[in-house]
Amino acid sequence: MKMFGFLGRKKSAPVARERLQVMLAHERASLGRSQLVARMRDDIVAVIASHVGVERNEVRVKVNRRDSMFVLKIDMDITPDIIPNDPRSSPQKAISAQSTPH
Amino acid sequence: MSEKKNAKIVVVTSGKGGVGKTTSTAALGAALAQEGQSVAVVDFDIGLRNLDLMMGAERRVIFDLINVIQGNANLSQALIKDKRLENLYLLPASQTRDKNALTEKGVLQVMEQLRSRFDWVICDSPAGIERGAVLAMKHADIAVIIANPEISSVRDSDRIIGLLDAKTERAKKGQEVEKHLLITRYDTVRAGTGEMLAIDDVSEVLSIPLLGIIPESREVLSASNLGVPVPVSNPACLPAKAYVQAARRLCGEDIEVTLPVSKKKLFANWFGGRAA
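The listed protein sequences correspond, in order, to chains G and C.
Our numbering puts the first residue of the first sequence at 48, with every later residue one more than the last.
Our numbering puts the first residue of the second sequence at 118, with every later residue one more than the last.
Some hints here could point you the wrong way.
Stated by the list, open to error - Where chain G lies over chain C, by a calculated footprint (3+ residues, C-beta under 8 Å):
1. 266–272
2. 313–321
What the hints assert, rightly or not - Taking beta-carbon pairs under 8 Å as the criterion, some of the chain G residues facing chain C (in silico):
3. Lys58
4. Ala63
5. Leu67
6. Leu71
Claimed, not checked - Anything over 10 Å on all C-beta distances counts as not near chain C; from chain G, calculated:
7. Met87
8. Asp89
9. His98
10. Val99
11. Val106
12. Val108
13. Lys109
14. Leu119
Just so you know, the hints here were simulated from the structure itself, not pulled from any lab data.
The beta-carbon is built from N, C-alpha and C at its ideal position, and this holds for glycine as well.
Could you build all of it, start to finish, from the sequences and the hints given here?
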């Protein structure tokens, strides 16, 4: 029989602590404390989308660290045959008009 | 108040609602005023004002922040002088207006006027991360981030820290808003038994310096019932002492942050009891 079971019963704080650490590590990476990567991605995509069609949902941005250098890697699918200002491709217009989500 | 001052603008913010922003704004304002500083507490919660209640000034509100912004009243007409403390003033929020009445230009003008008239301007932010919360923090030099030792509150505080680094005037100038963590509703007994996040857990996760720990206490509710800031309603109680120390730290005094435990509580804790 566990006589002092009541002592260990309510230790939920370590679980909370671990959940918090995992969650915040994830959220800081995606939102960023200054949201720098997210803002850069939106600006860069907006510029590219003003020239060629961009699959907005297919943009992958990564910041990697190599020794003393940071490497910004942007991976996106473009459709050069679609020009946003061309009335024939009106569905693409929404891309350049979309603003930074906050 | 004829000499020109240069106030420090403080925003009391949290993201999450109900963690103690308004109580803490009133308490820190009162504690600073007790230290001889001139203080204006400003309610930014347009449509849901409550700072007037915490200050016991709800029946004396004639003009508010929106009236000043829209030019229907000047600042001196809208500022309500505290009944007990000589140097403490309240600028209430509007109860009836649409929160869109709060304009960026208007807020800037009011903040500039307040800055030149007080030593401290303490802005009580609305909950959330929307416009009102962003405008409340916009001109802040210092942020007091209120968190309860509970995961949803800590997560929201983390978001608010992100906003402070992105949306404030200081951030735009490449400067930093000085950030402080104030933990409220802390229960020493429950933290001791591992039921509640410990102070170290919270401050470590958020990685900002600790301004103080306000214990969960019936004195806080009692102060709100009476409409008197905690340090004035019962200066001897633990939360009052914790707020006074936090205010002194804000002024730059080097006081060690300790767990607020009464001798009575320690004794009760020893027997595994739950003293109130």
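Checked hints:
no.: 1; hint: 266–272; result: holds (count 4)
no.: 2; hint: 313–321; result: holds (count 4)
no.: 3; hint: Lys58; result: holds, 4 Å
no.: 4; hint: Ala63; result: holds, 5 Å
no.: 5; hint: Leu67; result: holds, 5 Å
no.: 6; hint: Leu71; result: holds, 5 Å
no.: 7; hint: Met87; result: holds, 13 Å
no.: 8; hint: Asp89; result: holds, 13 Å
no.: 9; hint: His98; result: holds, 28 Å
no.: 10; hint: Val99; result: holds, 29 Å
no.: 11; hint: Val106; result: holds, 21 Å
no.: 12; hint: Val108; result: holds, 17 Å
no.: 13; hint: Lys109; result: holds, 20 Å
no.: 14; hint: Leu119; result: holds, 19 Å
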